[in-house]
Amino acid sequence: MVKQRPIRLVVAGLLAGCATAPSPTTPPAPQPAATPAAVAAAVGADSAAPRRDTLSVERPQFPSTYRRRASPPVLIRNATILTATGREIERGAILLAEGRIAAIGTDVAAPDGAIIVDGTGRFVTPGLMDTHSHLGVYAAPGTRAESEGNESTNPNTAQVWAEHSFWPQDPQIPRAVAGGVTTIQVLPGSANLFGGRSVTLRLVPARTVQEMKFPGAPYGLKMACGENPRRVHGSDGPATRMGNVAGYRAAFAAAERYRREWDAWLASRQGEPPRRDLQLETLAGVLRGEIRVQNHCYRADEMAQMLDVAREFGFRIRSFHHAVEAYKIADLLARDSVAVSTWADWWGFKMEAFDGIPENAALVTRAGGIAVIHSDDAGGIQRLNQEAAKAMWAGRRAGIPITRDQALRWITANPAWVLGIDSMVGTLEVGRYADVVLWSGDPFSIYSHADQVYLDGALLYDRADPRTGWRTDFELGNVPAAGRDR
Amino acid sequence: VSRAAAYDPASDTRRCSRLARAARACAAGFVLAVAPAAARAQTIAIVGGRVLPVSGPPIESGTVLIRDGVIAAVGADVTVPANARRIDARGRTVAPGLIHAASQVGLVEVPLWTNTRETQVESVVAASFNVAEGLNPASTLIPVTRIEGVTTAILRPGGPFVAGQSVLADLDGATIEQMIVLNPAALHVRLDEESRAAGGGARAATAARLRRLLADAREYGRRRGEYERRQMRELSAPVAELEALQPVLAGRLPLVVTAHRVFDIRNALRLAREFNLRLILEGASEGWQIADEIARAGVPVLVVPLSNLPMFNTLGARYENAALLAAAGVRLAIVSDDASHNARLIRQEAGNAVRFGLPWDAALRAVTLGPAEVFGVADRYGSLQPGRVANVVVWSGDPFEFSTAVEHVFIRGREVPLSSRQTELRERYRNLPSRP
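So the protein sequences, as listed, match chains A and B. Residue numbers for the first sequence, in our numbering: 1 to 486. Residue numbers for the second sequence, in our numbering: 1001 to 1436.
Hints may be right or wrong, so weigh each one.
What the hints assert, rightly or not - Here are the in silico distance ranges between beta carbons for each label pair:
1) B/A1328 <-> A/A109: 47 to 53 Å
2) A/R87 <-> B/R1266: 35 to 41 Å
3) B/E1274 <-> A/I115: 57 to 63 Å
If you're looking for bench data, these hints aren't it; they were derived computationally from the structure. Beta carbons: idealized from backbone N, C-alpha and C, even for Gly.
Can you build the whole structure from these sequences, using the hints too?
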């Protein structure tokens, strides 16, 4: 988004879920690095140290240094467990151990030393995920110094990475955790046709962004349709939507050639390697299917144009974002397995948002598509459960039967699929990472709180114990602590 | 005065309906409220619901009788006339229509494009700017908002300093004369980060500019004759602005000041004391820190419960603000951050205020009778009592809960259809493939 007012199937996801999830402490081994972008996309903490005879493209780039926190096993009992797999368990129990979901059911024994949590009257869900966040790149306290999301110097800035703007001390981060959020995709803004790479983060206290990077998560590329690139770049172009589309096509045409040159050199390793171009490297990563396109696009007709651009150049759009008119072409989006990340009820703040309706997510779901409720907002991210609840009830009231499990997937399993990490998180199943929220009641009631938030099996937030409250550096001496009136 | 001919009170007294009398259109010069003819003739009985009058205790199985656009009776033993239209409300909740105390519905269509925005003028001192004649009764936002139970709203300007005058309007009617209940409803001023530029770049200068403006207006009001004869020093604003400030200085018109930080709020309280103003605070994100002071000053607050981001303008904002203010005895109206397209979200705001400690009854009051009291119309709006304007909503359950649907909305006794541009779009594309 450009700050102000944001100028600012499920089948595929479940198939991926069959893979064995790698351990959080040992990220999935990077695939053999046949291509530069593969290296860039699959960096891990224990990637090989640089060798003298390698090229920079083949060396680790900003690898994750995330380590899960140690915790004794935790057993939550007597809770209503919403798994986001279609199954709900009354009076259920879930065991978190070694960072994973070790057991789930109605009768789970507590291992020695386990912390027992009474879930009577309470609900358990997967940790919530947001496919569209600008935390850390549009941080509080909101001065121009924190306006870090749009490299609006050129309509194509595919070379920039959101993580290089990200500020781990953004005081908005712990507030999102208190709303049950454990994983987010941080995106550059939408000022440019190509805004840059996104990054998928674990919301843990950290000194560096590397300590937050989700091990093994693929990168995304932020693209933007419509009014924003035109408005920001109008004087030098693109000034129109046709200018936008010409810009996407010209860039991907150049990336096609770049990719061929690199592939040929890597196969032969003869002569001078091609010149390295960070912008084309990211676009070539998209063409190779290693970087997922996250496309800000409001209008139905424009999304249809983008599907054709993707077809022309042979890549997939993973998700349209905002997509307030997705309901008009829900059939086309379901056919191409393109997800829809949208709000419950934002509409009308600009022309391309004028046709937004509260039943958007429900109509996309009914058509067999992949719907996601995203926030794009430091306030909204704190209540994704409420936003999903509104969208669910809007659907039901209009005669579109959305189940509670489907609505939960909008903020768990489906975002995990959009981010390409659905084999690790997003559902409550044995072997998945133990990202778990314990709610004081039905998470789709307005009165429910996230009581506890576990990330990789370790307690990250406890509403009952404000001493465990995570206060960012900025807040010290500056913002009164909750529960402590000054 | 700056009011347009459209508000000539002489013309209303001639067609003084029962509803208009309830709305005081006959008595008060500011007011004009005439219901559509069809609504005036109808008698409606909402029977068997859980009635929440707000002004009194709930009635578990009660009847609300509406006649000629006005509430005729409320109670457990109300005789339903034979000619009445009966609405079965068993298992339902019947409550006053919600009142949004800081809205711009009907004043803006697509905010990014200024040609669809009627909320502010170029001058930063715009006391004489009254939004009434920019209000579009055909705005798409009006049906979108009222089908979520919001029947009445303060429609306010949005300028950066002395923004202008708001109106109180019902969200039904073909003309502004039919919609507007109270004009002007208040004068609106900002004293926060947004208004620093108006003072020249510093808060203290902005407060000083407001103080000078009020002092000049007071001086002008006392010495109009000398002013006309040019026997006064130069004043800090044109005569239209000074005139518009007279009812504020006289305490007849409330002054709504948007302020968030403790020092901004105290600046507003200080000015209100100096000039003996009827102050209402809007925002007051850090108000919880000086809740007792605000309560002692008798100043009500229009609060956005879902506000907790530590921006420099709202550094101490927290979700418990509404609850802490109420506990200190501050009168509240709950409003939404988005004043226009999602003004309908005051339900969610109120529910979240409850989640963070505000008693449920206080939250309902803060979106009904509370704002009516704050703007001085509690004798006509905000509760279910005989003689009140019949703005009534039938909910399927708890008005704040997501699972609850709006089943009937009455505005001045007229049932408004539960349709909007959004429901039309939904129906057009419900079954795909579909062509527009």
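Verification of the hints:
no., hint, verdict
1, B/A1328 <-> A/A109: 47 to 53 Å, "holds, 50 Å"
2, A/R87 <-> B/R1266: 35 to 41 Å, "violated, 56 Å"
3, B/E1274 <-> A/I115: 57 to 63 Å, "holds, 59 Å"
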